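Position one of the sequence shown corresponds to residue 1 (the working numbering), numbered consecutively onward.
Don't read these hints as lab results, they were simulated from the structure. Note that the structure is predicted; figures quoted are calculated from it, not measured. One or more hints might be untrue.
As the list claims (entries may be wrong) - Result set (BS3-like, lysine-lysine): computed pairs, CA atoms no more than 27 Å apart in a straight line: (1) Lys294 with Lys317; (2) Lys317 with Lys213; (3) Lys320 with Lys213.
Stated by the list, open to error - Simulated restraints on C-beta separations: (4) Gly208 with Gly161: 32 to 38 Å; (5) Gly23 with Ala221: 49 to 55 Å; (6) Lys317 with Asp2: 39 to 45 Å; (7) Ala127 with Lys160: 28 to 34 Å; (8) Gln21 with Pro130: 21 to 27 Å; (9) Glu65 with Pro130: 34 to 40 Å; (10) Asp246 with His330: 40 to 46 Å; (11) Asp154 with Glu126: 22 to 28 Å.
Ideal placement from N, C-alpha and C gives every residue a C-beta, glycine not left out.
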Amino acid sequence: MDNLLMLRGARKLVTTCANVQPGEEVVIVTDFAGHRVAEAVAAAALERTDAVNIIVMPPRSIDGEEPTKTVAAAMSAANVLFTPVKQSITHTYATRTAIGNGARGIMLSQFNPNMLVTGGINADFEAIRPLCFKVGELLANCDKVHLTTPAGTDLRLGLKGRPSNPHCGLVRKPGDFTTVPNIECSSSPIEGTSEGVIIVDASIPYYGVGLVKEPIRFDVASGRVTRISGGYQADFLDQLLARQGDPAVYNIAQISFGLNPHCPMEGVMLHDEGVYGTAHIGIGTSVLLGGEVKTLTHFDSLMWKPTLSLDGKVVLKDGKWLLPEAEVIHSGRA
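Kindly produce the complete structure, drawing on both the sequences and the hints.
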């Protein structure tokens, strides 16, 4: 029964999300933790095309570590790429090359079998798409950004000239990539412009941190985290980043907003980052997002009830988008 339920979700990934066509080369990159999801996706993909390939590699040691050369070569030849892996390979040159070669990418970091059955996979991705792209339009056409939260986040940054990244869970054109099921829209701040304080009160779904037990504070100056403070999770994160030996791991790489009303906050990356009414700040690598920094890792820090001001205009208030396109969520239709 579990396999049948998983297959239903896998079919949604293959058909609704990726739109796999007959004859397309499908490459599924997985590791020892993601094989059940990989097998379900492969079974669904075989209903659409005979060219389905599963590649298994050892888990990466940290999120953002490059896959092996053999895996990277297979990724670069794909028409459609799925990545059910434990440690994210989204922010890698291998993924950037595959997308640049025209692959349509469905990134599935930390995607577990239950996520094929419950939670964000049950969203109406097509219905939410207009909101996702509207947020993208606003981010792509603004200069000054001000983000605040009731917990104490107060961050200013610049986006002028930077593209937005609306990930609505659907890929249609060569070079499109998205994460599923989270649904988010992001942009990459201009290096050196971020200033202020980030208070993480929801989750850091990387490195085993998960749901935040005590708020974590990032002090930010000249585009980089300068101090990390809080409880034992903050200490762990501070020590982990220090061990990387590269100042670029502190780069403010991303500002993003969750747009999926079906995603729960549970300490799992692709659910947490999609929770409607949250924001997250990505730290580290930014090259896949429109930025200029490639370093050893990338992680996201989530917060509740954000208020967002773009060039002085409030478009998101306490986690609720003040946009007509958001009505499909507020009315419960998505």
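Consistency of the hints with the structure:
1. Lys294 with Lys317: Roughly 33 Å separates the two Cα atoms, so the pair is violated.
2. Lys317 with Lys213: holds (25 Å)
3. Lys320 with Lys213: Holds - the C-alpha atoms of Lys213 and Lys320 are around 24 Å apart, at most 27 Å.
4. Gly208 with Gly161: 32 to 38 Å: This hint holds: roughly 36 Å between Cβ atoms.
5. Gly23 with Ala221: 49 to 55 Å: holds (52 Å)
6. Lys317 with Asp2: 39 to 45 Å: holds (41 Å)
7. Ala127 with Lys160: 28 to 34 Å: Holds - the Cβ-Cβ distance for Ala127 and Lys160, about 31 Å, lies within 28 to 34 Å.
8. Gln21 with Pro130: 21 to 27 Å: For Pro130 against Gln21, whose Cβ atoms are near 25 Å apart, the range 21 to 27 Å holds.
9. Glu65 with Pro130: 34 to 40 Å: holds (36 Å)
10. Asp246 with His330: 40 to 46 Å: Holds: the Cβ-Cβ distance is about 43 Å, inside 40 to 46 Å.
11. Asp154 with Glu126: 22 to 28 Å: violated (36 Å)
Hint compliance for this structure: hints 1, 11 are not met, and every other hint is.
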